[in-house]
Structure formats: structure tokens, C-alpha cells
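**Q** Same order as they appear, the protein sequences are chains V and P.
Under the working numbering, the first residue of the first sequence is numbered 1, with each subsequent residue one higher.
Under the working numbering, the first residue of the second sequence is numbered 1, with each subsequent residue one higher.
Simulated from the structure, these hints should not be mistaken for lab results.
C-beta atoms are modelled at their ideal positions from N, C-alpha and C, and glycine is treated no differently.
Some hints here could point you the wrong way.
As the list claims (entries may be wrong) - Some, not all, of what chain P presents toward chain V, calculated at C-beta under 8 Å:
(1) ARG40
(2) CYS67
(3) THR70
(4) PRO73
(5) MET115
There are 2 protein chains.
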Amino acid sequence: MDKGIAVKKEENFSEWYTELLEKAELADVRYGIKGFVVYREWAQISIEKMFRIYCDALDNYDHMPLCFPTLIPEKNFELESSHVEGFSPEVFWLEKEGDERFALRPTSETAFYQMYSLWIRSHRDLPYKRYQRGSVFRAEKTKTTRPFFRGREFHWIESHNGFESEKKAMKQVMEDMQITKEVLLQRFAIPHIFFERPQWDKFPGAVNTYAADALMGSGKVLQLPSTHYLGTNFSKPFNVKYQSKDGKEKYVHLTCYGPAISRIYGAMVALHSDNKGLRVPFELSPKQIVIIPIRFEKDKNVMKHAKKIERKLKKYSVFIDSREEYTPGYKFNEWELKGIPIRIEIGPKDIEKEQVVIMRRDTGEKETVRLEELSKYVKSIEKEFTENLKKQASTDFDKSIINAKTMQEIKEGIKNDKIVRINIKNMELESLKLAEEIDLLGGEIRGCRIDVKEKPFGKCVVSKEPATRVVYVAKSY
Amino acid sequence: MDKGIAVKKEENFSEWYTELLEKAELADVRYGIKGFVVYREWAQISIEKMFRIYCDALDNYDHMPLCFPTLIPEKNFELESSHVEGFSPEVFWLEKEGDERFALRPTSETAFYQMYSLWIRSHRDLPYKRYQRGSVFRAEKTKTTRPFFRGREFHWIESHNGFESEKKAMKQVMEDMQITKEVLLQRFAIPHIFFERPQWDKFPGAVNTYAADALMGSGKVLQLPSTHYLGTNFSKPFNVKYQSKDGKEKYVHLTCYGPAISRIYGAMVALHSDNKGLRVPFELSPKQIVIIPIRFEKDKNVMKHAKKIERKLKKYSVFIDSREEYTPGYKFNEWELKGIPIRIEIGPKDIEKEQVVIMRRDTGEKETVRLEELSKYVKSIEKEFTENLKKQASTDFDKSIINAKTMQEIKEGIKNDKIVRINIKNMELESLKLAEEIDLLGGEIRGCRIDVKEKPFGKCVVSKEPATRVVYVAKSY
Chain V
1 MDKGIAVKKE ENFSEWYTEL LEKAELADVR YGIKGFVVYR EWAQISIEKM FRIYCDALDN
61 YDHMPLCFPT LIPEKNFELE SSHVEGFSPE VFWLEKEGDE RFALRPTSET AFYQMYSLWI
121 RSHRDLPYKR YQRGSVFRAE KTKTTRPFFR GREFHWIESH NGFESEKKAM KQVMEDMQIT
181 KEVLLQRFAI PHIFFERPQW DKFPGAVNTY AADALMGSGK VLQLPSTHYL GTNFSKPFNV
241 KYQSKDGKEK YVHLTCYGPA ISRIYGAMVA LHSDNKGLRV PFELSPKQIV IIPIRFEKDK
301 NVMKHAKKIE RKLKKYSVFI DSREEYTPGY KFNEWELKGI PIRIEIGPKD IEKEQVVIMR
361 RDTGEKETVR LEELSKYVKS IEKEFTENLK KQASTDFDKS IINAKTMQEI KEGIKNDKIV
421 RINIKNMELE SLKLAEEIDL LGGEIRGCRI DVKEKPFGKC VVSKEPATRV VYVAKSY
Chain P
1 MDKGIAVKKE ENFSEWYTEL LEKAELADVR YGIKGFVVYR EWAQISIEKM FRIYCDALDN
61 YDHMPLCFPT LIPEKNFELE SSHVEGFSPE VFWLEKEGDE RFALRPTSET AFYQMYSLWI
121 RSHRDLPYKR YQRGSVFRAE KTKTTRPFFR GREFHWIESH NGFESEKKAM KQVMEDMQIT
181 KEVLLQRFAI PHIFFERPQW DKFPGAVNTY AADALMGSGK VLQLPSTHYL GTNFSKPFNV
241 KYQSKDGKEK YVHLTCYGPA ISRIYGAMVA LHSDNKGLRV PFELSPKQIV IIPIRFEKDK
301 NVMKHAKKIE RKLKKYSVFI DSREEYTPGY KFNEWELKGI PIRIEIGPKD IEKEQVVIMR
361 RDTGEKETVR LEELSKYVKS IEKEFTENLK KQASTDFDKS IINAKTMQEI KEGIKNDKIV
421 RINIKNMELE SLKLAEEIDL LGGEIRGCRI DVKEKPFGKC VVSKEPATRV VYVAKSY
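Extracted from the complex, chain V is given alone in its bound form:
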């Protein structure tokens, strides 16, 4: 049957992913502009749910939404020098209107902070916690694009926050990690680790960058939300000041946090899906339950019972697939491909026995359930489903992390698609040397964990001197 995925995830992740997006109708790459794709219904319904979950989480932590223009004047860009240097090569520019040149925003620091200088006045206005949802655009020249993972337009939330001091700003960085955990891990079932990136790999204009890496099925990691402590690097050129309690004018300490929802969607889909097709957490699936009536064309009783079940389960997103032109087997495959969490089969024999057959997409198990037990049983799957996806992904994640004490072990680890823990004397100096050495293998320095202080388990792998930090190395997207 041509509906299924022909390539195995474990054999060729890249082709498997491409086929999954096409066959499950998640993205269409035929739009005609390089790096720009159409997100189809079955993806967009989930993406919209993810946006609502993420925005609600930010609201819960006292952020407020606002909405900036998509265009940024060129003169704003030029105010922070490393920012303009970092982003300029990737900017889409509009044809000039008179003397003015406008960019399609690649990120919105230089839009937000211009206005923050007008809005923030006193210590009473701080903390100032705001976010927006929208599109950003990056004309990446070298890397190959891949729908959701890496494109030239992506859909994200960016949060920009102002504080009185570095200490208060760093508390926000920690809060951002907490929000990431509550949403990414708990709701989207994506295990991840937050790393402090080396200075030479930070966000252009930041003092420090902290980024979440998730492990993809391919053994590569993907950078998901990152949060940045910007210090006063932007507040100085943009003149974002406040009057402190003792009446002094001071610069605001800024942080920014950017969960790219479309990218997280790609990561989530790649992580949980299998060779039968899509799998996403229960609450994110466009439809949660499909009822497949068997031999309903001949036995009118079947549709009657199917509709009864549909009504019984109406608090879920449930529907009956009563298309006559397809066999039950075809329908089974189609809805497994599309990742519907629960399939209910009901035929004349089941009605006689007052039962249904249930297939759950998390474990793949099929079970016969008595009609009177159905609601309870579905409720238990609802509870377990996302938890099961998370467990499976966490197990894979944990298994892929290994320790290495020698250059040989590091290289072998990278070749075998592992996340490699190593000992380093100084993350800036020695890591940079190492980075050059493993570059050809595709290995990258991901940084140090920030949530826990990790104790080195040997000497620095580069300098052979006593190590101070445990650094992670991995291939990445």
C-alpha cells in the first residue's frame, strides 16, 4: 500500500522524516521559494495548540503579550555592533522606499528595545516581561533547509524582559528554563538538556547564551528554545534606563527567550514518530479517537452503536470513519500513519458481546474492552499516552550519553552518534581547540549543563591538566 512509509527511521532518518511529512500530509515543499514550505492542516492544528499552551504558560508566569511590526528599520539594526554583524548576512531586505531600508525581522531585539526606552521609566515598571508570537525570517545561505527543523521563515514566540540587576535577570533565565521544562517536557514529551554555550557560540549581542538541546532519532541533537542574558549590551545603545529607588538613572538588564514553535513541532514529530507514521502527545493530536465501524454497510446496527460510542466520548475529539470506498485495513493504516492516539473497532460480533476492540498508538497494543468499561479505559489511556512517549524518548536520550576520557573515545562516540561527556579545563580556550579537531566528524561543542553543577571525572582531554567543567559534544542539526 502506497500510504505507508517505505524507509525505516533507524536506517535512514533523513529520508524517513521527509516521507513522514509527505505521507502524513504535514508539510508541502512544492511552494516554490527555497526554504519556504506550507504547513498543512494536520500539522497546523497541532502547532496552533502548541502556541496556545506556550502563550498560556508565559501568561501564568506574568508575561504579557504585545505585537510588533514585521519590519525593522535598518538604522535600528546598526545600533548594536555584534548583533548587526551576526544577523546582517541573513536578513531579507525590502526594496527601498525613498532613502529608507527595512528588514524582515530575523529576531526582534532592535524593535522591542527601541520602544522599551520609551515605556520603561521607573523601578516600579520592572520587571518588564513581554512576549509576542509571529513569523521571523532568516536567509540562511549555506545550510540545507528541512521543513520545521530549519527553514527561512519560522513561527515562534519571543519574550523580552527588563530587570533592575544581573541577579534578577538571571532569575528570569532560570524561570525560562522552568517554563521550557513545563511545556517541552511535560506537555510535548521532549526530553532536553539546557547548556551554557561557549562565548564563541553565543547569540550575537548576548553576554551569555543558554540553549536546550533535544536528541533526535538520528543521534543528532537539535537546539530548541534558547534564553540569553543580554546584560546592558542593548540597553546602552537603545537607551533603556530606569530610575532606581534611590533616584539614580540606571541601565536596564535585559534577557530574551525564543521558543520556535514550528521547530519544536518538527523535533516532536521526529522524536515520537515511528515506522508506521506520526505520533504526537494525546492533547496535541488533531483528532484523538477514530471509530472504525466494521461491516456497517450490511448491518445497520453497527452505525447505530458507533454513533452511541461517539456520543459517549464526545469530550474528546472523536469521529467515525464511515467511508465506504475503503476497507477497514486501509483505514487502520491511514490513521496509524496520521497518529490518532486511539482507534476503536466495532463490528456485529462486538455488538453481540457488548465490547469493542481498541488499538492504542503509544504502545501499539490491541485490546478487547467491555462497553461498560470504555470511558474508564479511554481515560486511562489519555493519562498514560504522553507519559509513555516521554518515557520512550527519555530512555533513548539517556542511553545515548557516554563519557569519554581520550580523544580516541570522543571521536568514536561522535562517529557512533553519541552525546559525549568530556572533561575540560577552560570551556572557552580548550573547547575551541577541540571544536576545530572534531569539526570534520560533524561534532560540536554544546557547552556545560547549567541546571546541575557537574563534577569532572578525569583530566582535561585537551590540556591534560586538572579539569574544571564537564562539557558535552554531539552532532547537531
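Please build the complex by placing chain P on the supplied structure of chain V, with the hints as guidance.
**A** Leaving out everything else, chain P in the frame of chain V:
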């Protein structure tokens, strides 16, 4: 006090609106690009709620969301000649990348239908009902911009739908009007009339355009959602075909519908707000209840009781304004300016008498309510609030509609900011002549009602011959 609005709505609508947006902190016009403004928190929270309500309504009517790129290739634009002619002057173009030129979408027909030609195959795929939310961009050269009402970037939903026949497509047009009524009238309390526009005022590329006009406080109307029957005007150049039941290849009949949420927000705010400040429907207000504790600095009992009330009403968006640096009077004005539907005052004397004082923003009435009755009373306000806004707006709308039988009456009506009903023989011919004559007065032909067949009440005001249709004339934004 400098917080209040200095200009009266009935005296100078335009300045009043500008002041409202600034003082209630809804929009900031200091962004630095003509026609591009920042939507501030107090507006954006409501706008996001409106998006969710509108998207949910479309989902209820079996539409599905998807998401197209913000850029459209120039060659797509060129496929439908009147469309390209109508929109080209307003397009923002990107600097060329090689030979290719891309537009920031002003609307997405030419993006959607290119893909519809790949996705729609058989009559089984129809009806095909899809929508997206996003930004669109129009470089309007001549008209003055005004935040939310008319800008160069706006935030909207556009729905594009495919059908087997004109008849089925026209049923969709009717359904779009029904959705508009359910959302705009019932949820946002905006009375409106759907008009069939004359041929010379239709959407570029449409067969027919049907648009909702709402009456603003100024006596001018504002075009809100419009829905268009496109016939096969786009499906032919974009090759959107389906195989019918009898095996023939046929062109798909298309319709599109575009509620501009940011514009609707502007209309809603302009419509309901008054000289004290903002008013929006109960469910759309960023905060629904504010509790103002009186003399709480001296009497600790007051905050204890305020918190008790807050807990009691926690199903609403409720908060206590316990800032010590402001007087109760200042707070009253501030939250009236920001349109919080219910204000609860509680002081030592109220505690003694087991009561609170309530001010409701719909009627402006102040009442003493016994504590034990509070929940019930708030619930009744929740029910009545939006209904009251709707009634007030409807009364104004109805009062402003007058009949005119002579050119003199028409001109007087326009001068007096009325919506003028007139009799016309042929909407295309005579209306066009009339349009020229009233142009200098700012009057415009808005079209004929489509929801009801209206019987002429006199002869054609232009030709003096028997009339066939009742046409509406008004000033517009």
C-alpha cells in the same frame, strides 16, 4: 488629571480615538515606519482572545487551519489579471535574489490556489474549507493610516474554499455571513449590515463581493469582514480542477472570506468606548474585575477581606489594586479608562455592613451589594454586559439610517452623517452616476442588502424611472 481623555467623542471623533489609543495604552505610533504601529498589551490580550474565538468558530463550521509562507513569488501574482492590477500598486517587494522577485503578501489567493491545484483531485475532496491566521501587508499610498482601522500591516484570518458549483459556493457565502453574525454581533457586540457591493467596487478578481459595514461613532461606516464569490476566475489560471462524479474534469468554484481581526478590534473599541475611556465586551477585557481596597494602609482587615473576595471570584480575571502611591480616585479613573467591566470597592465601613460597592462599566451605575449576594450579582453583570453594549450600539445604528427620495435629501443625509437608503433602477449604472455626484461630500455607494430582499419605496433617484433595488449610501473609512 492627565490620565483622562480631554476630547469628547461626539465633538471630535478622530482626536478622541487617537487619545483613547494613547491614554489607555492600546497602540504606540512612535515605531518609526509609516503605517506600522505597535499593538500594546492591553490591546493584544483582547486581540488574541478574538483570534481564538474566530478560529474556533471557523473550526465549528468544518474549516481547517493551515499556514502559508508570508512571501509570494511575483509570477503567481501575474496569473489573474484583474487581481494583479488591483493589488500591484500596494505590494511591498523584497530586494531581488537572482532573477526572482518576491512580494510580502497583501492577500493570499495566489499562494493558496497554486497549492489547491495540487491538493484537490476529486469531488470527494470537496467542499475544501481552509483558513490561516497571519499578517498581510499593503503599501497604501494615498489614504491616511489610523491604528487598527487602516494600517500597512494588519493581522487577519483568511479562509479559502473550493466547491463543485456556484450554488454550493454561494451557500458558503451565506455561511460566512452567519459566522460573521455569530462572532461580530454576538461575541464582539458589533452591529453590521452585509451589502452586495456594486461591480465597480468589488474585490479584484471576484465575481461578486459581499461586505459587512459597521457604523462608527463618527457617523461613518467601516468595512469589516468581506466574503467573495470568485467563480472560476482563479481556478482557471491556477488550474484548480476536480473530477466530478460522472468522471469529467471541472473547474473548482472558489470563495474567500477575510476577517481582519486587528481592524475589527479598532472598530469594536471605537464603537463601545466613551468619554471616560475604553469599553469592550466582558469576555474580551484583559481583566474583568478590579478590587479597590479603601484605607487598607491603616486597617489590615481591609486587605484580608479584599483577598477573600478575590478568591471567591477567581473564575474571573480579577485582581486587587493595592498600590499605596495612588488614591482610590486615581485608581477609579485609571480602570475606567482601561475599561475593566466591574469595579469593587471595599473599605472598613463596608466590612462592618457586610457589603461592597460595585461600579459597572456598561451602564456606569454604582450599587451597594451585600457580600452574600456578590457572586450572583457579578454573574448577572457578566450576562448583561455585552448585551448592553450591543443594545446601545444597535440603537445608534438604527437611528442613523434614514430614507431619501431626492438628491437634496441624499446630500443632507450625508452631510448629517447618516446612512441613507435610496431607490435605484440599476445598481451598476445609476449608482455609478450617483457615486460621482456625492464623491465631493465624502458619500459612497455601499450596495444592496443581501440578507433580506428590500422593496423600493419610490422611483429611482437618478433616472426617475421605476426602481428595482434599495441602495445604501454613507461616508466610510
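**Q** None of the hints should be skipped; say for each whether it holds.
**A** Hint check:
1. ARG40: 6 Å, holds
2. CYS67: Holds, because the Cβ-Cβ distance from CYS67 (chain P) to chain V comes to roughly 4 Å (cut-off 8 Å).
3. THR70: Result: holds, 6 Å to nearest chain V Cβ.
4. PRO73: It holds, given that the least Cβ distance between PRO73 (chain P) and chain V is near 6 Å, below 8 Å.
5. MET115: Holds - the Cβ of MET115 (chain P) comes within 8 Å of chain V, reaching about 6 Å at its closest.
Consistency with the previously given hints is maintained throughout, with no hint failing.
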